[in-house]
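Visitor: Chain by chain, the residues:
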Amino acid sequence: MMWALVLLPLAGALIAWLIPDNRKRALVLPVFALAQLFLVGALLVDTPPVSPAGWIMLDPLGKLALISNSVLFAVCAFYAVGYLAYRRRRPNRVLCAALLVCLSAMTLVTISQHLGLLWIALEATTLTMAPLIYFNHNARSIEATWKYLLICSVGIAIALLGLFFLAYSTIVAKQDVTLLLPSLISDAAALHPGWRHAAFIFLLVGFGSKMGLAPLHTWKPDAYGEAPGLVGALLAGGLVNCALLALLRVYQIAVASSEGAMFQEVLLVMGLVSMAFAAVFMARQSDFKRMLAYSSVEHIGIITVALGLGKGALFAGLLHMINNSMTKGVLFLSCGNIHRAYNSKSTTTVRGALRRTPWSGALFLAAFLAITGSPPFSPFVSEFLIVSSAFVQGNFWTGGLFLVFLALIFIGMASTVLPVVLGEVPTDIERTRYRDTLPTVLPPLLLMGIILTMGLWLPAPLQQLLHEAAGLLGGGA
Amino acid sequence: MNSLADQFLVLCLLLNFAVLGTSRLNFSVRSVALQGVLLGVLPALVHPFSWHLAFIVVSIVLVKGALIPFLIIRAIKRAEIEREFQPFIGYIPSLVLGALFTTLAFIFAAKLPLAPEHSGLLVVPASLATLMCGFLVLMGRRKAISQVLGYLLMENGIFLFGLLLADAMPVMVEAGALLDLLVGIFVMGIVINHISREFSSIDTSRLSALREE
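Residue numbers (the working numbering), protein chains in the order written: chain A, 6 to 482; chain B, 353 to 565.
I should point out that these hints are in silico values taken from the structure, not numbers from a laboratory.
Hints should not be assumed to be uniformly reliable.
[To be verified] Simulated pairs of lysine to any residue, SDA-like, Cα-Cα distance not exceeding 25 Å:
no.	chain 1	residue 1	chain 2	residue 2
1	A	Lys179	A	Arg92
2	A	Lys179	B	Val398
3	B	Lys463	A	Ala203
4	A	Lys316	A	Gly404
5	A	Lys29	A	Arg93
6	A	Lys179	B	Pro400
7	A	Lys179	B	Leu464
8	B	Lys463	A	Gly199
9	A	Lys29	A	Leu15
10	A	Lys316	A	Gly405
11	A	Lys179	B	His399
12	B	Lys429	B	Phe538
13	B	Lys463	B	Ala357
14	A	Lys316	A	Ala261
15	A	Lys29	A	Val99
16	A	Lys179	A	Asn97
17	A	Lys179	B	Pro465
18	A	Lys179	B	Asn354
19	A	Lys179	B	Leu474
20	A	Lys316	A	Val99
21	B	Lys429	B	Ala518
22	B	Lys463	A	Leu423
23	B	Lys429	A	Ala144
24	B	Lys429	B	Leu534
25	A	Lys179	B	Ser471
26	A	Lys179	B	Val523
27	B	Lys463	B	Leu366
28	A	Lys29	A	Phe43
29	A	Lys179	B	Leu531
30	B	Lys429	A	Gly405
31	A	Lys179	B	Ala467
32	A	Lys179	B	Leu405
33	B	Lys463	B	Ala518
34	A	Lys316	A	Lys179
[To be verified] Example chain B residues on the side facing chain A (calculated, C-beta under 10 Å, incomplete):
no.	residue
35	Val398
36	Ser402
37	His470
38	Met521
39	Asp532
40	Ile547
Keep in mind the model is a prediction, meaning the values are calculated, not measured.
Note that beta-carbon positions come from the ideal geometry of N, C-alpha and C, so glycine has one too.
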């Protein structure tokens, strides 16, 4: 049953590869994404026990990542049909196949309990994203792809060394060498401290560069800026969660060992540094897609700060992981539409999107308000909970800096988003075929609905799941 | 660990310098491939025979010794280049830095809290030195192919450390990691091909359109 979750998208990828017709091929995406979503639903209701060797299991943390990935992917898959209809001339065989392989690898990340397997799956997601970023086949996108490929590959290689160190710390401590998560957690305190410490640092750097924590984020603006909107949505909402989940696994081990406090402190600092970087670079961005990359750095920073605070903030951090995915989905998809409509992503050309593409413009504006933490959308709830738990813990510096950065980022992002959305449409813009239609507007609208609903009312099962997951990280309900 | 294995490791260290000191890409590719083969054979010298071991040895030799060099050499032929030009870090400084890193790796490894059965072995210093040399090549060279070679050197270094865990690593994990590496090089080869078509060069310092204003 669990393996079906991984194999189903792979089968879809094979079918997509074999279909010769450029137009019909795109339809494979929503079909398999929906099938996958149903399967995920069934597995959430009736979760199978651990696989015999203990490698595969769906725990609350994995469930959270799996839910948000599958929902986001399904939405993107429907959007892809509408998007590819505007790009009929460009062959999409590689795109469709790579998207589905990526879904399979992302799913494997969420269900693996063996760190080696998790590493393999994470590396696979990195590789399958490369052809997706390069979809536009021009000089700029190849530059972005090369940077992304090299930085992430090296980062992931460093994470592998970290995993080896972790395994070696069990050898030095005279235990059975293993990379199975449950036994690493239960023996965490007994592992050799020196090697364990080195392992944590290497894993943090490795997974951190994949997540795009500052200062390891340099590939992000290029990749997010040059990739098509739907790939950007998957990078910022899906891949980031996979890398984050890998980091959460390390966090579980760190908290179970004596080094939890040290690890949390490092995370807190890295989170705040990421927010600071985002605040500085967000201002005066002349490319609104690149700006979204800095927003992604910011929100990864926010989640990392929540992990660093621990305790009550963990619940909020995990909630923010889902909120960020959904909101990034709306942002990238609507901004992809605006990009199509103007055939430019420079803020000097793109103005008055609310008139040119009323739906996409409105969605972009709403998602901007949501991501910067305005009520009544769900990111407000999670950000508010993180700040309040910082103050409750007496960590006034963190709470204060957090608020200052949020304010700066709001101003910086507003100075880019507002001119793009409001104002008059320039008279000399290029005429394009793009009009807001149901297939390109409905998917982001759906995500926006989810964000709004979750901001007003958090379903009890999800709340329960979040509490269980926070419990795994040491933040008791 | 026996003396033959030690000689293999010394040869690996020397191959690092071969890569650091040359501008000829074909030669570098062959050196890295030879290093990969040596590393692939090493487990067979240290551990008693088992099918798991045989599978790993054969697949590593095949991937690192044949498939990956084939992919890279094909990329070199398509891009029609033979040499690295004007690296950021010159060949002589690279060699000196490489020697420095190797020395430091030996000093550092002697201080590491290794398990008693591993202390005094050549594996750990060789692993660290190869890793550092890989970094050096990755950062010091301009051509995309040289950067891939640097990445491969790094991988070899990490793999060497993995030798200490050879009994412990499940075969699926090793095979999966190897497959990821192979696919990675395959993708990089394609990207290099496109870079050379787009820029009529694979000089990565020309990839500079995407900068912060």
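Visitor: The structure should be examined with respect to each hint, and the outcome stated for every one.
Guide: Outcome of the hint check:
1. Lys179(A) with Arg92(A): violated (59 Å)
2. Lys179(A) with Val398(B): holds (20 Å)
3. Lys463(B) with Ala203(A): Roughly 14 Å between the alpha carbons, so the hint for Lys463(B) and Ala203(A) holds.
4. Lys316(A) with Gly404(A): holds (15 Å)
5. Lys29(A) with Arg93(A): It holds: about 11 Å lies between the C-alpha atoms, which stays within 25 Å.
6. Lys179(A) with Pro400(B): Answer holds: Lys179(A) to Pro400(B) is near 21 Å, not above 25 Å.
7. Lys179(A) with Leu464(B): Holds, at roughly 16 Å.
8. Lys463(B) with Gly199(A): holds (11 Å)
9. Lys29(A) with Leu15(A): The hint holds at about 18 Å.
10. Lys316(A) with Gly405(A): Measuring from Cα to Cα gives roughly 19 Å; hence the hint holds.
11. Lys179(A) with His399(B): holds (19 Å)
12. Lys429(B) with Phe538(B): holds (15 Å)
13. Lys463(B) with Ala357(B): holds (22 Å)
14. Lys316(A) with Ala261(A): holds (14 Å)
15. Lys29(A) with Val99(A): holds (14 Å)
16. Lys179(A) with Asn97(A): violated (52 Å)
17. Lys179(A) with Pro465(B): holds (13 Å)
18. Lys179(A) with Asn354(B): holds (24 Å)
19. Lys179(A) with Leu474(B): holds (21 Å)
20. Lys316(A) with Val99(A): Between Lys316(A) and Val99(A) the Cα gap is close to 44 Å, so the pair fails against 25 Å, i.e. violated.
21. Lys429(B) with Ala518(B): Cα-Cα ~36 Å, so violated.
22. Lys463(B) with Leu423(A): violated (58 Å)
23. Lys429(B) with Ala144(A): Since the Cα atoms of Lys429(B) and Ala144(A) sit roughly 21 Å apart, the hinted pair holds (cutoff 25 Å).
24. Lys429(B) with Leu534(B): Distance ~19 Å between Lys429(B) and Leu534(B) Cα, so the pair holds.
25. Lys179(A) with Ser471(B): holds (15 Å)
26. Lys179(A) with Val523(B): holds (22 Å)
27. Lys463(B) with Leu366(B): Holds, at roughly 23 Å.
28. Lys29(A) with Phe43(A): holds (23 Å)
29. Lys179(A) with Leu531(B): With Cα atoms ~31 Å apart, Lys179(A) and Leu531(B) exceed 25 Å; violated.
30. Lys429(B) with Gly405(A): violated (57 Å)
31. Lys179(A) with Ala467(B): Holds, at roughly 9 Å.
32. Lys179(A) with Leu405(B): holds (23 Å)
33. Lys463(B) with Ala518(B): Judged against 25 Å, a Cα distance of about 23 Å means the pair holds.
34. Lys316(A) with Lys179(A): Violated, at roughly 32 Å.
35. Val398: violated (15 Å)
36. Ser402: violated (17 Å)
37. His470: Cβ of His470(B) sits 8 Å from chain A, so the hint holds.
38. Met521: holds (7 Å)
39. Asp532: holds (4 Å)
40. Ile547: holds (6 Å)
Figure legend: structure checked against the earlier numbered hints; hints not met, in rising order: 1, 16, 20, 21, 22, 29, 30, 34, 35 and 36.
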